[in-house]
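*Asks:* Sequence:
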Amino acid sequence: MTAKPIDVVILTEDRYVHPDLDDWYQAQIAREDGLVAAALQAQGLSVARHSWSDPAVDWRACGSLLFRTTWDYFDRFAEFSPWLDAVSAQTRLFNDAALIRWNIDKHYLGELAARGVAIAPTRFVERGEAATLASIMAAQGWDEIVFKPAVSGAARLTYRVDQASLAAHEPVFARCVAQEAMLVQRFEQAILADGELSLIVIDGRCSHAIRKTARAGDFRVQDDHGGTVHAHTPSADERAFAEAAVAACPVLPLYARVDFVRDGGGGFRLMELEMIEPELFFRFDPPAADMLAAALAKKMR
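One point on numbering: in the working numbering, the residue at position 231 of the sequence shown is 231, and numbering is uninterrupted.
Simulated from the structure, these hints should not be mistaken for lab results.
Not one of these hints is a red herring.
Per label pair, the in silico range of CB-to-CB distance:
hint, residue 1, residue 2, range
1, Gly-141, Ala-61, 52 to 62 angstroms
2, Gly-265, Ala-42, 38 to 48 angstroms
3, Pro-286, Phe-124, 32 to 42 angstroms
4, Ala-56, Ala-134, 49 to 59 angstroms
5, Thr-132, Met-300, 43 to 53 angstroms
6, Asp-162, Arg-127, 24 to 34 angstroms
All C-beta atoms in this analysis are idealised placements derived from N, C-alpha and C, irrespective of residue type, glycine included.
Produce the entire structure from the sequences given, and follow the hints as far as they go.
*Replies:* Encoded structure:
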């Protein structure tokens, strides 16, 4: 007798297959994935959880794959990229492979800007391009910037630079550009003053939100870099901005996290739109996991 296929496989990475519940970070992962698994099961779906890189898994026997904590994909991109191609031909992905491909490379920000979404002012620097931070800052009139890779996550190779630290960072930037495309962005002071807003959008509608703030002396808001996450009730204009940003995508994603800040004129600036493996902060709003599961179940029917 052939075993019944698993309806949904929650994807993680090797480090988190068996979370250490004594570690706060891994316990947080276990709680979030547990909420999603329970919500999917309440929809009548069978659920399993595997590392994306587990060679023992037969992906053809899975009804769908839900990307959750595949947070090593950018460090293992040479493996992840062909795996994504292969698995997308074997089962259904949430979000789908084409959207993941589009979202992996932060050049998507330029496309969203062309579609009317306000983004943090950005200069895209291609691999091997002869450009310096000093020339970019002078041309754009920026006194303080952040640079980061076009394909990255978890603040990898992300640096904040002002005029005082410019000379020290030029060789770092040069080494980075020699290896990969980079983004240079105007530093948004609102990150220090107000933090960064993250609105979670499921099937086109905002479900809940959080606000992230950096620790003293830092600008990175991720909690694994010492940042703090706060509950946040989104306003109508915040919801509208997030939903419009998601609507500007090539296709509507099942889920997305919209990271943005307020600008000086009372509007917003998109920092990133995460649709590959974003933390969705279900622990702040457990019913949102039910919303995700219901939307996924509807697409599976």
